[in-house]
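Quick note, the sequences are listed as chains A and B, same order. Heads up: the first sequence begins at 1 in the numbering used here, then just goes up one per residue. Heads up: the second sequence begins at 1 in the numbering used here, then just goes up one per residue.
No lab work stands behind these hints: they were computed from the structure. Please note: incorrect hints may appear among the correct ones.
Straight line, CA to CA, 25 Å or less: simulated BS3-like cross-link-like pairs of lysine-lysine [claimed, not checked]:
#1 9(B) x 197(A)
#2 93(A) x 197(B)
#3 27(A) x 9(B)
#4 197(B) x 100(A)
#5 197(B) x 9(A)
#6 245(B) x 245(A)
Here the structure is a predicted model, which is why all the values come from computation and not from measurement.
There are 2 protein chains.
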Amino acid sequence: MTMMNETIKSQLGHRTIRKFKDRKISKDIMDLLLEVTARTATSTGMQAASIIRITDPEVKESVANVCGQAYVATAPELLIFIVDQYRNSQIAKEKGYSPKTARDMDRFIASFTDACLMAQNLVVAAESLGLGTVYLGSILNDIQRICELLSLPDLTFPVLGLALGYPDQDPQLKPRMDMSLRVFENSYQLYDSYLDKIRDYDKEMSSYCDLREPGKYLDSFSDQVVSRFSYASPKENSILKAIRKQGFDTGINKDDQ
Amino acid sequence: MTMMNETIKSQLGHRTIRKFKDRKISKDIMDLLLEVTARTATSTGMQAASIIRITDPEVKESVANVCGQAYVATAPELLIFIVDQYRNSQIAKEKGYSPKTARDMDRFIASFTDACLMAQNLVVAAESLGLGTVYLGSILNDIQRICELLSLPDLTFPVLGLALGYPDQDPQLKPRMDMSLRVFENSYQLYDSYLDKIRDYDKEMSSYCDLREPGKYLDSFSDQVVSRFSYASPKENSILKAIRKQGFDTGINKDDQ
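Just chain A, with the same shape it has in the complex (with noise of 0.2 Å):
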């Protein structure tokens, strides 16, 4: 296609990377990716998220252990994305005024998205200069750990955590669902059956092989779906309660509720 280009040619390339050579990110680079995150667009341009970089290796075997992975303690570098009012409301008593509404799970929302859109652009200006990444949900394994370990203050939050380095594994490109099925015109569309509709990616799925598992196929979308609902975390559905403990005002006890 004409309009193809080095950037897009990069994004339809991204494979997670959970193996990473044994070699520093230059400071350089580290710098401008952080300088990529500045410039993502912000929310009202509060700029309410923030970044911790874990260097720190009993911290970053900490992060591993919450989230269940070791290759996590030998990531170059590790990022964790946290929600951030914190600093605002601090900047706004400064200035004599007490700012109530920073405890409203709508600017939670709005931080957490820009949180998000900070740590996908970081990733594609990485994997633009060949580094490569493995996002970690699951920090969220244990909120509680995550907010003691980095000391995050009321009003912050951890988002999601991100790894990075040079890559050490060339794993397939894995298969995805056909977009017609994910994008609608004006209305959400229904369909009477999307194990119809989804056939063909079921079998394609089947063909990926996992390299944390090597010799071994996925199960067909469908049965991993199925796999991915049956599985409960250990403090399933807890978010809620930890967003209220960082501070934010979840409704909870209110008589309205």
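Since the structure of chain A is already known, use the hints to place chain B on it.
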């Protein structure tokens, strides 16, 4: 810097574009951008986020009304990214499994994250092709209205709007806080005075002129923070109720809350 490339150059040049040329984005380009979203990292491979593409001028107008931004109605492309646990829960049901955990807030959060990552991946691809973009967090001004307009079923939820087109304006790069204030090593760093730390930035912000109000310079950042915190949306902090209404288990009314 030697590691600079076209991708990162484009990312560092990001500006929000709110005025578009009267020129369509070709089908080939839209297909390519949607393919980029398909290749985006997704939590546990579940692809539990979708996109509603608004092509109907009346629906566009209605979304613009919710956003309170007239220019949204004339954007060549308007996409709404959504949390989508509906599709996979239907797949599970067809397989004879009743997916109770589809309603868990941690699934909501994983889907929400997926939707944001897709959006930013698409933005980088679009900007690399010379397109301009504006995120519309303001679709959440009236979540109920958006859900109705787009016929969003149970277990879906609007995350973020995105308008795209060929830029018909050339705004300044908006000043950003130095990342040293937003990136911390190993643990969150508290400062005694944030106003001290952002003194230069506060000044720099006052030299920025928003094209929405030509000739008028912005308030200092700290004044913007206070003014943003003073702003209470018409349906303040109602987002959790809206999430519950869309079928997710917000834990409200539960014994353990």
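Query raised in the report: What are the numbers of the hints that this structure violates, sorted from low to high?
Result: 1 and 5
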